[in-house]
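Start from the sequences and build out the full structure, keeping to the hints where you can.
Chain order of the listed sequences is A and B.
Sequential numbering from 1 applies to the first sequence in this note's numbering.
Sequential numbering from 296 applies to the second sequence in this note's numbering.
Among these hints, one or two may not hold up.
Claimed, not checked - BS3-like mimics (lysine-lysine), calculated; alpha carbons at most 30 Å apart, straight line: (1) B/K351 - A/K55; (2) B/K347 - B/K374; (3) A/K55 - B/K374; (4) B/K374 - B/K351; (5) B/K347 - A/K55.
Just so you know, these hints were derived from the structure itself, not from any lab.
Chain by chain, the residues run as shown.
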Amino acid sequence: MTRISWWLVDILSRILEPDERDAVRGDFSESGESAGQALRDLLGLVIRRQAALWKDWRPWLALVGLILPLGILLSIVARVTASVSSTYIWLYVNNWDWALLRHAGFWYVLADSVTPAVVSCLTLVCWSWTTGFVLGSLTRRLIPVYGVLFCLALVFGGLVGAPQYFAYLMHSINRPLSPDESDPISALVFYRQMLPLIVQAVLVAIPSLRGMRHGADGRMFPPLLRMILWTAAVLTLAMLVTQAPGFVFFLKAYWLQRIWQGWQIRLLQFVVYWPVGYLFARMIWRRWHDRTAAI
Amino acid sequence: MLGEFEYLMISAASRLGEDAYGSAIRHEIEEATGRRCSIGALYTTLDRLESKGFVKTWMGDPTPQRGGRPKRLVRVTAKGIHEAAAFYEAVMRVSRGVSWQANQATVCHD
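Structure, rendered in structure tokens:
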């Protein structure tokens with residue numbers, strides 16, 4: 001229990017500024033406090049520090065303008081992604097035969113059916129990562145709180161927001177955007193309830209939290225690079241909002257559907273995948289930096 | 296005017312002189328008040344005092360007793376001494392003629 005408490009002290013103290021973290025950990029070592037008491041003391045300090053940050057208007061604006069709407073929007077998109085994938089997952093899991101691997105036709109059908117699902121999953125990951133990147137770029141000190149609030153928004157969206165939204169949308173346009181819940185696959189609890197939550201956890205929550213860390217690091221980039229990354233991020237989030245299910249219908253912006261057909265907009269779609277290029281470039285840079293540092 | 300806890304911190308730091316740092320100030324306050332002093336209250340009040348110009352703080356050298364971690368050293372400024380003296384005089388003035396022992400005997404019990 002003591003080891004776990006000290007481990008929690010170590011994790012929690014990382015929220016503090018480096019100097020303060022050293023001073024507080026040194027005070028604990030000097031005073032010989034028990035792990036439990038140190039944890040309580042540290043929790044009190046962390047809560048006071050975080051509460052002081054929320055006296056400013058900017059965190060509240062981020063909460064209302066970004067965290068809540070994007071969290072719920074990504075829950076909705078995750079539900080659609082899960083629905084698209086559920087049919088293929090059910091098909092292959094319930095009809096699997098290792099003998100299929102020897103047939104060329106199987107590979108052709110597999111590629112044809114899995115490719116759209118993979119692309120939609122990758123798009124969701126990039127949208128989620130970009131959301132986290134934007135939140136992390138705003139402030140480093142509030143990243144832990146933003147992460148918790150974002151995950152809560154996802155949970156709310158996944159359990160309440162998305163189902164209610166699709167029920168309202170189906171009622172409004174009388175045409176479901178996700179597969180009918182009376183079909184055999186959606187009737188299964190795993191595909192109806194569990195798979196959307198798994199997709200949210202793996203393709204939304206984890207990339208978003210990673211994106212926050214990268215966004216915080218991005219604050220140290222040169223101004224031109226920051227501007228380029230922010231432009232890509234804003235365009236990506238604009239794509240997320242305008243391509244969300246029901247957006248065209250609710251805003252009566254049917255003209256958008258014609259614009260999306262244009263080759264310029266299709267080309268712009270590739271901007272959504274900028275996190276892939278960013279992470280790849282970062283990996284190359286770090287390898288080159290480590291190699292030159294070793295020399 | 297200073298708050299009660301701010302006065303305790305400035306007094307403890309003044310008494311400690313060059314040895315004034317976070318943990319030592321906390322120990323002084325706990326000895327004087329007989330109550331536990333939380334680290335959260337200590338460091339947030341220290342930041343507030345520094346922002347008002349009543350104290351100056353800086354990071355010292357790491358020591359083995361602190362697991363190789365530095366201390367946050369504290370020094371009271373002239374402005375801080377002036378404010379603490381004003382608080383002390385105000386408490387003395389308002390307490391003139393008040394006998395807490397006699398008052399305890401005559402206090403109304405509800």
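These are the hints, each one checked on the structure:
no. : hint            : in the structure
1   : B/K351 - A/K55  : holds, 24 Å
2   : B/K347 - B/K374 : holds, 9 Å
3   : A/K55 - B/K374  : holds, 27 Å
4   : B/K374 - B/K351 : holds, 11 Å
5   : B/K347 - A/K55  : holds, 18 Å
Comparing the model with each earlier hint shows no violations; every hint is respected.
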